[in-house]
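There are 6 protein chains.
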Amino acid sequence: MLKVEKQRIGKNAVMLALLEEGEEFNLPGNWQSCRGKVGSMDSHKVVAAIETAAKKNGIIKTDVYRESHALYHAIMEALHGVTRGQVQLGDVLRTVGLRFAVVRGNPYENEQEGDWVAVALYGTIGAPVKGLEHETLGLGINHM
Amino acid sequence: MLKVEKQRIGKNAVMLALLEEGEEFNLPGNWQSCRGKVGSMDSHKVVAAIETAAKKNGIIKTDVYRESHALYHAIMEALHGVTRGQVQLGDVLRTVGLRFAVVRGNPYENEQEGDWVAVALYGTIGAPVKGLEHETLGLGINHM
Amino acid sequence: MLKVEKQRIGKNAVMLALLEEGEEFNLPGNWQSCRGKVGSMDSHKVVAAIETAAKKNGIIKTDVYRESHALYHAIMEALHGVTRGQVQLGDVLRTVGLRFAVVRGNPYENEQEGDWVAVALYGTIGAPVKGLEHETLGLGINHM
Amino acid sequence: MLKVEKQRIGKNAVMLALLEEGEEFNLPGNWQSCRGKVGSMDSHKVVAAIETAAKKNGIIKTDVYRESHALYHAIMEALHGVTRGQVQLGDVLRTVGLRFAVVRGNPYENEQEGDWVAVALYGTIGAPVKGLEHETLGLGINHM
Amino acid sequence: MLKVEKQRIGKNAVMLALLEEGEEFNLPGNWQSCRGKVGSMDSHKVVAAIETAAKKNGIIKTDVYRESHALYHAIMEALHGVTRGQVQLGDVLRTVGLRFAVVRGNPYENEQEGDWVAVALYGTIGAPVKGLEHETLGLGINHM
Amino acid sequence: MLKVEKQRIGKNAVMLALLEEGEEFNLPGNWQSCRGKVGSMDSHKVVAAIETAAKKNGIIKTDVYRESHALYHAIMEALHGVTRGQVQLGDVLRTVGLRFAVVRGNPYENEQEGDWVAVALYGTIGAPVKGLEHETLGLGINHM
Ligand SMILES: [Mg+2]
Ligand SMILES: [Mg+2]
Ligand SMILES: [Mg+2]
Ligand SMILES: [Mg+2]
Ligand SMILES: [Mg+2]
Ligand SMILES: [Mg+2]
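Protein chains in written order, with full-length UniProt numbering: chain A, 1 to 144; chain B, 1 to 144; chain C, 1 to 144; chain D, 1 to 144; chain E, 1 to 144; chain F, 1 to 144.
The reader is advised that the hints may include incorrect statements.
Because identical chains share one entry, a pair is satisfied inside a single copy or across any pair of copies.
[Said to hold, decoys possible] List time: in silico DSSO-like cross-link candidates among lysine-lysine, alpha-carbon distance up to 27 Å:
(1) Lys37 with Lys6
(2) Lys56 with Lys45
(3) Lys3 with Lys61
(4) Lys55 with Lys37
(5) Lys45 with Lys130
(6) Lys130 with Lys56
(7) Lys3 with Lys130
(8) Lys37 with Lys61
(9) Lys45 with Lys61
(10) Lys130 with Lys6
Keep in mind that the hints were calculated from the coordinates and are not lab data.
The task is simple: from the sequences and hints, build the whole structure.
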């Protein structure tokens with residue numbers, strides 16, 4: 001069973017990604033997290049920025065593939081929310097400016113469920129012209 | 001140009017959808033909004049619940065197709081975030097329990113941009129067995 | 001090399017599907033074709049209506065699978081144009097009213113290219129409420 | 001309710017895109033339209049060619065994002081018909097040679113429905129080798 | 001690093017799914033596996049058949065969601081190979097007759113990689129008419 | 001009706017793709033086949049490698065488009081199994097190392113079914129870092 005909502009990994013990741021400069025937000029207990037920003041027309045640069053931040057901040061171990069694999073699929077799922085159909089940016093002449101948050105922890109009452117990872121993305125998507133854009137958001141969740 | 005972030009339609013819709021029982025949140029100025037809940041294995045019931053709520057609450061006019069059309073595509077885009085690949089629920093043996101929010105207003109500095117609509121969905125997705133589920137979230141945005 | 005445009009199978013199929021009651025249009029030379037109508041929220045009924053018409057009119061042989069296979073994939077490709085993302089109708093609370101045309105013939109200068117099939121669909125797609133709909137069109141082409 | 005078929009925006013856009021050199025076709029009443037050609041293995045160049053033509057010909061206002069947004073999604077929907085599955089060209093080793101038409105006007109009896117835009121694409125898709133190609137067509141429609 | 005090919009989980013799952021009546025095949029060492037058959041036009045029945053077999057045979061624990069989650073995504077990935085575009089069967093008027101195999105074990109040299117699961121599907125896909133079908137195959141792999 | 005399983009084109013193509021260095025496998029009777037390897041982050045290079053091998057080995061005629069068309073769609077279907085959702089490699093920061101097999105022959109009892117083609121891909125997919133990868137497999141089948 002999922003914990004009460006305030007202790008859910010996805011909601012917390014989204015709250016972190018929505019956080020503006022100067023705002024603060026405390027994650028529950030002993031969860032790990034990192035945040036970052038990425039703007040690009042290249043979808044692979046978005047993937048790389050999140051992976052790099054997660055590794056640098058020790059959210060995932062770099063020498064165990066299963067952790068990279070878990071994170072990768074969480075990123076891809078979050079990108080589906082951002083792109084809504086085709087996971088493409090520059091190829092269909094659009095660009096994104098995103099803040100991202102990665103959270104790792106156990107969101108279930110049952111400790112056997114172990115660690116999960118949530119990737120939240122929030123920002124803008126649109127034409128490669130300043131102002132021609134609207135908001136976009138994505139959330140991916142996976143077991144580690 | 002989008003307004004400052006606190007006055008953005010997508011962020012506000014997401015905040016509304018994330019709101020728990022008893023919590024409160026004030027939308028900026030003169031925007032219209034409604035909230036609701038829907039749980040189903042039928043994706044068309046999710047679409048119907050949101051459309052019905054939006055019409056009942058006067059967010060969209062029922063006698064002008066363009067408003068229904070705008071809302072429909074915003075819902076579909078939000079469902080992409082929720083389903084992350086195939087917009088299918090029961091057909092791939094999964095079910096959702098969602099809270100939704102629909103917000104209508106002008107999120108741009110320029111008044112000529114007129115009204116836009118944001119649809120935010122937040123809840124759980126998983127097997128049709130209580131507890132076998134994780135969080136999910138989607139945001140769709142369209143010009144009215 | 002494709003023949004001159006007036007003798008192209010896709011263009012001719014589209015012209016047939018666009019034809020209104022009472023209008024006439026002559027296909028080039030010795031091509032085979034059939035037309036029909038189908039309205040449904042069930043995507044499989046659209047597929048069935050086209051397959052049935054094609055078989056009844058002798059466009060494809062019923063006892064050779066390769067001809068059914070060729071037609072099936074042409075139908076699926078045409079449905080992508082009609083649905084633009086997810087090949088779903090009622091599952092995402094929408095319905096279609098379509099005219100269809102199936103044309104069989106050789107659209108290439110080189111006779112070795114043999115027969116190809118084109119499936120064209122034209123009509124409306126929208127909410128299951130009269131008037132809440134816009135036009136839609138799809139074209140699928142395959143070698144027989 | 002949609003107007004009679006001859007005054008429908010999608011059908012008219014398709015007729016324009018199907019028009020060969022030297023042929024003529026009159027759009028109903030006071031609609032705006034433009035036509036053009038684009039051949040590329042880069043899907044973003046197809047998008048750019050259509051957007052540029054629409055702006056140059058005053059079909060959409062360049063200083064109002066909602067008009068660009070409406071057109072962009074219509075283009076994307078038309079590209080679904082052209083690509084039938086994955087909105088990719090060179091990435092899956094294929095190329096297109098397309099004529100396009102953009103039409104803007106009100107296709108509904110009810111004037112409140114306002115302006116809509118239709119994007120029609122017609123041409124060939126295939127291997128990057130002359131002659132190894134078949135026809136393709138797509139139609140996207142959106143409210144402005 | 002993946003183990004030598006004969007000890008790879010995906011290859012072994014595929015070999016099991018390809019196995020005909022009366023043939024035998026030995027999985028390496030201490031891996032767990034189960035096999036089964038399912039024929040249906042309902043994609044959710046394919047998912048259910050595999051999940052049920054995996055639980056009944058103790059491949060995954062029924063009281064830990066993370067194991068169901070891992071298996072579910074592996075099944076979905078395998079279904080992508082079987083359906084090649086839209087994860088739909090009866091909705092697009094086609095049916096499958098499949099043999100499936102689920103294998104659980106550690107396919108990496110590094111023991112820290114822990115258990116992974118592979119789902120392989122092999123059989124036929126086609127019209128709901130005997131004989132109008134061709135082969136199909138899918139493989140999904142996930143960390144447990 | 002499909003021939004007995006040992007004489008099925010898809011199964012035989014998969015067996016060929018699974019074959020390791022030094023192993024041997026005999027195709028039934030008079031079928032044509034070729035094998036090869038390709039590693040890339042560019043999906044178009046995977047397509048090109050298979051097309052080139054098939055042409056060089058006389059599996060398809062280079063001067064008849066219908067044969068290229070049949071092979072192309074079989075390759076695309078096989079790539080769906082390999083990529084499981086979005087037919088993208090480097091664009092989503094992943095790379096493949098694949099062995100492929102192309103088989104041409106008649107897999108049906110009825111000689112009128114003529115030649116079909118099967119494309120099987122087997123190998124690894126993962127991050128562009130040695131070892132961070134798992135297995136992947138795809139099969140595409142088409143009538144020639
Ligand atoms: Mg999941
Ligand atoms: Mg948009
Ligand atoms: Mg084709
Ligand atoms: Mg629409
Ligand atoms: Mg994976
Ligand atoms: Mg097929």
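Evaluated hints:
Proximity of Lys37 and Lys6 under a CA criterion of 27 Å is satisfied in both settings, with 24 Å inside one chain copy and 18 Å between copies. For a Cα distance limit of 27 Å, the shortest separation of Lys56 from Lys45 inside one copy, 16 Å, qualifies, whereas the shortest one across copies, 33 Å, does not. Taking identical chains as interchangeable, the C-alpha atoms of Lys3 and Lys61 lie at most 27 Å apart whether they share a chain (25 Å) or sit on different chains (20 Å). Taking the shortest alpha-carbon separations for Lys55 and Lys37, only the intra-copy value of 15 Å comes in at or below 27 Å, while the best inter-copy value is 32 Å.
Taking identical chains as interchangeable, the C-alpha atoms of Lys45 and Lys130 lie at most 27 Å apart whether they share a chain (20 Å) or sit on different chains (19 Å). For the identical chains of this complex, Lys130 and Lys56 are inter-copy neighbours only, at 19 Å across copies versus 31 Å inside a copy, given an alpha-carbon limit of 27 Å. Taking the closest pair of Cα atoms, Lys3 and Lys130 come within 27 Å of each other only across two copies (13 Å); inside a single copy the shortest separation is 41 Å, beyond that limit. With identical chains, the CA atoms of Lys37 and Lys61 are at most 27 Å apart within one copy only, with a shortest distance of 21 Å there and 32 Å across copies.
Taking the shortest alpha-carbon separations for Lys45 and Lys61, only the intra-copy value of 20 Å comes in at or below 27 Å, while the best inter-copy value is 32 Å. For a Cα distance limit of 27 Å, the shortest separation of Lys130 from Lys6 across copies, 19 Å, qualifies, whereas the shortest one inside one copy, 36 Å, does not.
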